[in-house]
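Following the hints, put chains B and C in place on chain A, whose structure we already have.
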Amino acid sequence: MFKAVINADILKDSIEAISTLVDEAKLRLSKDGISIRAVDPANVAMISFDLHPDAFESYECTDGEIGLNLETLVDILSMSERSDKIEIKLDPEAHNLLLKMGGLAYTLSLIDLAAMRKEPKVPSLELPAKVTLKGSDLRLAIKAAEKVSDHLALGVDGSTFFMEAESDTNRVRLQLTKDELISLDASGPARSLFSLDYLSDMSKAISKANEVTVHLGKDYPIKINFSVAGGKGKVEYLLAPRIESD
Amino acid sequence: MFKAVINADILKDSIEAISTLVDEAKLRLSKDGISIRAVDPANVAMISFDLHPDAFESYECTDGEIGLNLETLVDILSMSERSDKIEIKLDPEAHNLLLKMGGLAYTLSLIDLAAMRKEPKVPSLELPAKVTLKGSDLRLAIKAAEKVSDHLALGVDGSTFFMEAESDTNRVRLQLTKDELISLDASGPARSLFSLDYLSDMSKAISKANEVTVHLGKDYPIKINFSVAGGKGKVEYLLAPRIESD
Amino acid sequence: MFKAVINADILKDSIEAISTLVDEAKLRLSKDGISIRAVDPANVAMISFDLHPDAFESYECTDGEIGLNLETLVDILSMSERSDKIEIKLDPEAHNLLLKMGGLAYTLSLIDLAAMRKEPKVPSLELPAKVTLKGSDLRLAIKAAEKVSDHLALGVDGSTFFMEAESDTNRVRLQLTKDELISLDASGPARSLFSLDYLSDMSKAISKANEVTVHLGKDYPIKINFSVAGGKGKVEYLLAPRIESD
Numbered sequence: 024m025f026k027a028v029i030n031a032d033i034l035k036d037s038i039e040a041i042s043t044l045v046d047e048a049k050l051r052l053s054k055d056g057i058s059i060r061a062v063d064p065a066n067v068a069m070i071s072f073d074l075h076p077d078a079f080e081s082y083e084c085t086d087g088e089i090g091l092n093l094e095t096l097v098d099i100l101s102m103s104e105r106s107d108k109i110e111i112k113l114d115p116e117a118h119n120l121l122l123k124m125g126g127l128a129y130t131l132s133l134i135d136l137a138a139m140r141k142e143p144k145v146p147s148l149e150l151p152a153k154v155t156l157k158g159s160d161l162r163l164a165i166k167a168a169e170k171v172s173d174h175l176a177l178g179v180d181g182s183t184f185f186m187e188a189e190s191d192t193n194r195v196r197l198q199l200t201k202d203e204l205i206s207l208d209a210s211g212p213a214r215s216l217f218s219l220d221y222l223s224d225m226s227k228a229i230s231k232a233n234e235v236t237v238h239l240g241k242d243y244p245i246k247i248n249f250s251v252a253g254g255k256g257k258v259e260y261l262l263a264p265r266i267e268s269d
Numbered sequence: 024m025f026k027a028v029i030n031a032d033i034l035k036d037s038i039e040a041i042s043t044l045v046d047e048a049k050l051r052l053s054k055d056g057i058s059i060r061a062v063d064p065a066n067v068a069m070i071s072f073d074l075h076p077d078a079f080e081s082y083e084c085t086d087g088e089i090g091l092n093l094e095t096l097v098d099i100l101s102m103s104e105r106s107d108k109i110e111i112k113l114d115p116e117a118h119n120l121l122l123k124m125g126g127l128a129y130t131l132s133l134i135d136l137a138a139m140r141k142e143p144k145v146p147s148l149e150l151p152a153k154v155t156l157k158g159s160d161l162r163l164a165i166k167a168a169e170k171v172s173d174h175l176a177l178g179v180d181g182s183t184f185f186m187e188a189e190s191d192t193n194r195v196r197l198q199l200t201k202d203e204l205i206s207l208d209a210s211g212p213a214r215s216l217f218s219l220d221y222l223s224d225m226s227k228a229i230s231k232a233n234e235v236t237v238h239l240g241k242d243y244p245i246k247i248n249f250s251v252a253g254g255k256g257k258v259e260y261l262l263a264p265r266i267e268s269d
Numbered sequence: 024m025f026k027a028v029i030n031a032d033i034l035k036d037s038i039e040a041i042s043t044l045v046d047e048a049k050l051r052l053s054k055d056g057i058s059i060r061a062v063d064p065a066n067v068a069m070i071s072f073d074l075h076p077d078a079f080e081s082y083e084c085t086d087g088e089i090g091l092n093l094e095t096l097v098d099i100l101s102m103s104e105r106s107d108k109i110e111i112k113l114d115p116e117a118h119n120l121l122l123k124m125g126g127l128a129y130t131l132s133l134i135d136l137a138a139m140r141k142e143p144k145v146p147s148l149e150l151p152a153k154v155t156l157k158g159s160d161l162r163l164a165i166k167a168a169e170k171v172s173d174h175l176a177l178g179v180d181g182s183t184f185f186m187e188a189e190s191d192t193n194r195v196r197l198q199l200t201k202d203e204l205i206s207l208d209a210s211g212p213a214r215s216l217f218s219l220d221y222l223s224d225m226s227k228a229i230s231k232a233n234e235v236t237v238h239l240g241k242d243y244p245i246k247i248n249f250s251v252a253g254g255k256g257k258v259e260y261l262l263a264p265r266i267e268s269d
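Protein chains in written order, with my numbering: chain A, 24 to 269; chain B, 24 to 269; chain C, 24 to 269.
Same shape as in the complex, but just chain A (with noise of 0.2 Å):
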């Protein structure tokens, strides 16, 4: 059993950071909120999704999973009003998931577990640098890296949090300090090098973060975490990194 009401807001920013990566996701309802666990087709990138039952305005459920279509499920929520209620409702007879926004009355259908991909253990990682600094400021990087190239480095010297892209001709950096950070806490230098094909489809959600943390170590994955619905969700990524080529 699912019935739920939330603000059609806080449904979009939270299926948006799940679906910038994954098309498709199960996910695991329980009495403590809704949980996901998965991995993008190329097994680089990998998101973990928690949502507490307090982001919703009336939370009913027992524990159960269920697949759903994310990219349907954006479709449907561009016709709500970010100021919207959406009244979700599982069929589980029918396996269909009822949303109601206004007068519209969207019927969706259940992916088959049986035909989805198992989910991913989420790795432990000791990752020797950790850095919080404002969403915006991340975003701002990876759109400055895009301009030159199809990759970009993150990483820790000293006290500072730098990030690099190159091309055979061109580059860019950006850096900054302790003090223009929100935090820096690092037992040593870090530095690691990334697709920005991933970075870039994580920006959007990262961007509206007010406080980003990002956990890096040396030609190691980096593992980003912020929260969403005023914090009653917190999304982690995890981006395996590349191999640096010189």
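I should point out that these hints are in silico values taken from the structure, not numbers from a laboratory.
For each residue, glycine too, the CB sits at the ideal point set by N, CA and C.
Sample of chain A residues facing chain C (criterion: CB under 10 Å; computed from the structure):
1) Lys166
2) Lys170
3) Glu189
4) Ser190
5) Asn193
6) Arg194
7) Leu197
Far from chain C, by Cβ distances over 12 Å, these chain B residues were calculated:
8) Ala27
9) Ser58
10) Asp86
11) Pro146
12) Glu149
13) Thr155
14) Leu156
15) Lys170
16) Asp173
17) Gly181
18) Thr192
19) Gln198
20) Asp224
21) Gly254
22) Ile266
Leaving out everything else, chains B and C in the frame of chain A:
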């Protein structure tokens, strides 16, 4: 003879309501105004359009008929500000329509009437259900349907007007009860299926109307009536149904 | 040596006036400012651009010449806000131009001067008609012409400046009399036909100018002069005529 002055916004709204269905049209000119009857190339949709002389700032006209390329006309009108006055003058010898707006003077060749399709006869239909609603509500239904399908069913069930669209996996339904409508008057149930292509084309003009009247039957054409030009112009769309296959 | 600080909006407007015609350009640097003379790849349009040191917040420069990819530069400048200050510094050893804006530092490779086209000689032309008008009026004519044709005739007839475009079936004419212009000074009639491709490219920069001076002849090139950077920069476009075929 045809010589007139009209506000750009009135002319734009009028022409766009027609050009969304047909690229060229015969305009029947008389002292009682301008009228157009046209069918789209696939013979699925028909438009009847009538513009009263009061819609013009000034209007002098003797009986006649001219053929116009509406696509070019829309393109030309896009150069005007909505508050511009547009001077229109027929030059029958040069086979031209002259349009002046601001410092700009456009000369638009007439299309040879002999080379054009015949004007259709507007069929008289007995449609059992009549619903009047806000144009923006009808547009909302059309936009919502576009998210899941390429056709849309419209109908009346008791004192409810409904619109429904479905794909293999998803379904959307919008229903408006009598008190959410401006009026509803039906002698029995009605339901017909229509191509969204046509309804989407029509929806821009429809959405600007405060009141739209829809006549419906059972697997029968739909008739959509609304005013433009502050009530001085009348648009009627007629759209053939699609066969519902289950 | 070249080291300067300039407002982003001034640099953007200046570079975009040039990059619309050429992808790369030689910049001649001196204590008197920056100047560029460039011809488009098809040898149809020429630009002369001069920016006075007063256009800069600070300006230090010794004589020199550098080759820049303007497309990349425009791309980089799109990362700046219009009110940003941009620091520019030449690094002749590394063969780079450094640009700093906000926390971002861009390194832009110079183009090898030996691999670039020679600077054109600006021809001295005797053009009998000189018209000064608002940039927005010239842009209006260009946009209006785009609706019907791919070329535009510009000319002077008595005390009227006219612009005319026609397709096989349609025609547009914009004429401005002496009192609708800022000034008109002609020793005789003038009329030349130009490719709209080029005029459209030029029109964005032109439209921002309060005053544009146009020099015209009979089947002769057009010369278009206007200021940028609050009068501290000067742009001159020269465009070859097309042959009028009837």
